[in-house]
Amino acid sequence: MSRKFLLGAAAAAAFVATGGVAMAAPPILIGVQAPITGTYADEGQGIQKAVQLLADEQNAKGGLLGRKIEVKACDDEGTASQAAICARQLVDAHVVAVIGSYTSGAALAAEPIYARANVLQSSDGTSNQLLERGYQTWFGNAPPNSAEAVFTANYLVNVRHFKRIAVLTDHSSFATGLADEVEKDVKAVHGNVVDKAFINAGSQNFTPVLTQIKSLNPDVLYFSGYYSDGGLIRAQMQQLGMKAVFVGGDANQNVSFGKIAGSAAAGSVILNVPAPQDLPYPAAKQFVAAYKAKYGALPPSVYTLTNADGMRAIMQAIAETKSTDPKKLEGYLHHLKSFQGLTGTFAWNARGERTGSPFVAFEVDAQGNYSILYPKPAH
Amino acid sequence: MTVPPARGILAYRNEAIGALLWALGLALPAVLDSSWVAVAAIFAIYAITALSEDVILGRGGMFDMGHAVYFGIGAYVTAILNTEFGWPIFATLPFAILAAAAVGALLAAPLIRLRGDYLLVATIGFNAIFVLAMQNNLAGITGGSDGLTGLDVPVLFGLPLESQSAMFWLDWVALGIVMVLMRNLDRCEFGRTLRYLKQDELAATTLGVDARAAKTLAFAVGAGLAGLAGTLFAVQLSTVSPTSFVFTESVTLFAIVIVGGKGSVPGVLLGTALMFVVPQFFRQFATYRYFAFGFAMIAVMVLRPQGLWPRRIQNE
Amino acid sequence: MGTFVQQVFNGLTVGGIYALIALGYTMVYGVMRLINFAHGDLCILGAFIGLTLLSGAAGSGHPGVALLLLAFVLAIAVVAAAGVLLEFVAYRPLRRADRLAAVVSALGASVLIENGIMIVWGPNVHVFPSGLLPETVWHVAGAAITFVQVLIILASVVLMAALYVFVHHTKFGTAIRAAAIDQDTARLMGINVNRVIVTVFVVGPALGAIGGLFVGVYYREAYFTMGWVYGLYAFIAAILGGIGNIPGAMLGGVLLGLFNAFAAGYISSSWQDAITFALLIGILLVRPTGLLGERVAEKV
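Residue numbers (the numbering used here), protein chains in the order written: chain P, 309 to 687; chain B, 49 to 364; chain C, 1153 to 1452.
Honestly, the hints are just simulated from the structure, not real lab data. Take the hints with a grain of salt, since some may be wrong.
Stated by the list, open to error - Cβ pair distances, simulated, as ranges:
1) B:ASP81 x C:LEU1285: 54 to 60 Å
2) B:TRP70 x C:PHE1324: 56 to 62 Å
3) P:ARG441 x B:LEU146: 28 to 34 Å
4) P:ASP673 x B:VAL201: 32 to 38 Å
5) B:LEU146 x C:LEU1237: 35 to 41 Å
6) P:SER679 x C:GLY1154: 33 to 39 Å
7) C:LEU1237 x P:LYS684: 41 to 47 Å
8) P:VAL502 x C:LEU1237: 50 to 56 Å
9) P:VAL497 x B:ARG260: 58 to 64 Å
Note that beta-carbon positions come from the ideal geometry of N, C-alpha and C, so glycine has one too.
Starting from the given sequences, assemble the full structure and let the hints guide the process.
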């Protein structure tokens, strides 16, 4: 046998080995579990689109580990029973990780199924119950209520020196959780909560409860629910001649808030992690621009971006560990010191809780633009 | 009316087919992957709930559009007794059934004199009140909007029913028992009383039928069976939260009975399959799925106003 | 005092909206004995039609009032057409069937319209352009009331009165009432029952479109799932007043609005809906066919 032939055979074998494997390499499957229909369809479709966009961008750069990324979406309709079915479907499809769901309830119903199957789950759910079981597969991508509440209490009581604080929430798991923590933390820093009241999300008619709050003469109204209601609450406060300052939780941050509130928007304050356009690096702006270019609209809310961060972190983990082994990915993410997210620099603690997110207070102006009010940006 | 002998044979033939299909269903976990076993398990749970709705709506002729309340009570009783008081799951089952039945009877008793659509609105009202009570963390034990999580795995004769297949068999056996109960309901005196009342309440009462008692009992039986399904639901999801029992769930149960065929066991099962299982096949068309679903509901009603598998006329 | 008067204004405004939507509900029910669960979604379809015209023309320099009137006309036309189509496709074949078959067909239509709106307009919250109507605020007895609120209350009263006159004091109205009592007999008396029903499905959804567009103009937002909530409240209002009864729908809507306002304002905002529903159930127990009694013949 000649050397030439051997070399040729070796080259051919090497070609088959590399090229052949690359050709046959199955795609890396990433699941999306989100409410694509129903009440939260807007948010659910946003999550699906964001994950698809990131996968497409990565595939255009050659994918990950020489493999393409394929996104499998499952509509959980925001309900627990459909979420449990989705979780099993995605597990059966052998996804490496799942982004979503949007609501804590749907994330909660799916969580044990992913944990048992060792599938990573990154959701914006912030219910404390998501952390209680200590699942290693859980990676919350939205800042936890507890951190936001501490910042909120400090801002209301020590920074703005409000003397009469009214807390308003809807009945959702997220908003009541946040409102409870804010109330507790405000009391902890000796703030004065004059009322804690509820709205029915989506009922649009908030004047009765606002009239009642007005009679208690608060100097600030803190609302922990969502922007579509928050914008209306701000507008109806003006209609009723309420002088209290409107301070909204993170779910109020949306371009529609200012539009719905109209002329009343000016002077409203929203507490959240910094918005993409206020972040010092270009990735966030670039993502929002790419999203707008592809889908013709801005992302529906900040949670589209936090879920995109979940996807980005998992892609980074796969690239860095050169593996799709869930144990390695979990280890990598749990030990990541600082992740450069679209929604700020953060990390995960042992419980899978997002840590180290700096909160800021934005002021909304009459045109619906945001400027950072606190902490004062360093120039 | 004299009963032709052929009818008995026909009836038994259908029952034999039903029993055979049920027995074949036990093999589902062998041929389906776990997500479809989960679909089958939840199908069994919703089928029980729909059959229990049928006792009130189809057989009792009372417009109950708040049936998710009783389903929810069963689920919450199991979840509360298990997570807060550490009871084993199966020990909570009788209490779930009894609590749901008691609430059904208590709510129904004063409302039964409301006719048709007024009863419908009152039951919608109860549904709204129930969900709000759970969200407001009634008595500090319902877990508020988050609900209750971390239910134990049910243990039967020392055997933990942990896998999805085991849970499916549990649900499937329960469905089998409820189907037999429904068959017996058709033939017992109470079943006949309900049919009589539905056909001609005035005539029935003049003949000494206590309409109020019979209707209250129908509510209690229907609610109790829904309570059973609620326990199974809590076990399947190992979490219970208010959003699973909202008014739209009641509407779906109501529609299942009408789409399937009032008073007809195979009809209600078929209705459950159409309203719950069929949409599962179309997940990839997520945004268009419910558009087509609405269209299908209209088409089914227009083409088969009596439901997909109406109750046999001879039975009436 | 100011707080109390304010709560009355709050209740009257939202009650006026419920009443507008309930009028269409009760009209259809009176003749067809059909709970038209798609009615709320038809109303919101009206809001979206109006929204498309208004935001398309925003900044085009057209005078606001003329544009708004055009939006109302267009919304009424489209929604009335949708109502007639719905009657023809989903309800007419079921006229002789079990009533509940038509109810489920209506539920299907509700799902269809809601998801149709989502597909056409998208799932996001849509915002109406501002400044369509004067933002005047009046202060009465320490309470504030805006121009739009007054307009909604006036519109609901005027439309209720017009509908009442139409049904009770015109020849065609007599035909409607005859068909509502007994369609077969009405037919024997030479009344074109099909024409009556088509008219009902023009007038009912048209009123709904007005209600839906008022919702949009007042709250300035619209999204696809909104119809279900408004439809439900309007249905409850119609039942509360006595279904099939035109002044009853008005009374029911206003009372529902006031209940809601007083429950949130004086008892507990966290139990607001529960209190409202408990009151509703209580009223039904005392008056099993609504406050003013129903105006439909019992079908035996």
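Open item on the list: Taking 32 to 38 Å as the stated bounds, is the beta-carbon spacing between P:ASP673 and B:VAL201 within them?
Closed with: 55 Å, violated
Open item on the list: Looking only at beta-carbon atoms, does the pair P:ARG441, B:LEU146 fall within the given range of 28 to 34 Å?
Closed with: For B:LEU146 against P:ARG441, whose Cβ atoms are near 31 Å apart, the range 28 to 34 Å holds.
Task: Distance restraint hint 54 to 60 Å, applied to the beta-carbon atoms of B:ASP81 and C:LEU1285 - done: 58 Å, holds
- [ ] Indicate whether the distance between the beta carbons of C:LEU1237 and P:LYS684 respects the range 41 to 47 Å.
- [x] 59 Å, violated
- [ ] Evaluate the given range 50 to 56 Å for the C-beta pair formed by P:VAL502 and C:LEU1237.
- [x] Once the Cβ atoms are compared, 53 Å apart, the range 50 to 56 Å for C:LEU1237 and P:VAL502 holds.
Task: B:TRP70 versus C:PHE1324 beta-carbon gap, inside 56 to 62 Å or not - done: 57 Å, holds
- [ ] State, for the Cβ atoms of B:LEU146 and C:LEU1237, whether the hinted interval 35 to 41 Å holds or is violated.
- [x] 49 Å, violated
TODO: Using the beta carbons of P:SER679 and C:GLY1154, state whether their distance is inside 33 to 39 Å or not.
DONE: This hint holds: roughly 35 Å between Cβ atoms.
Open item on the list: For the hint 58 to 64 Å, verify it against the beta carbon of P:VAL497 and that of B:ARG260.
Closed with: 59 Å, holds
The structure fails to meet hints 4, 5 and 7 from the earlier list, while all remaining hints are met.
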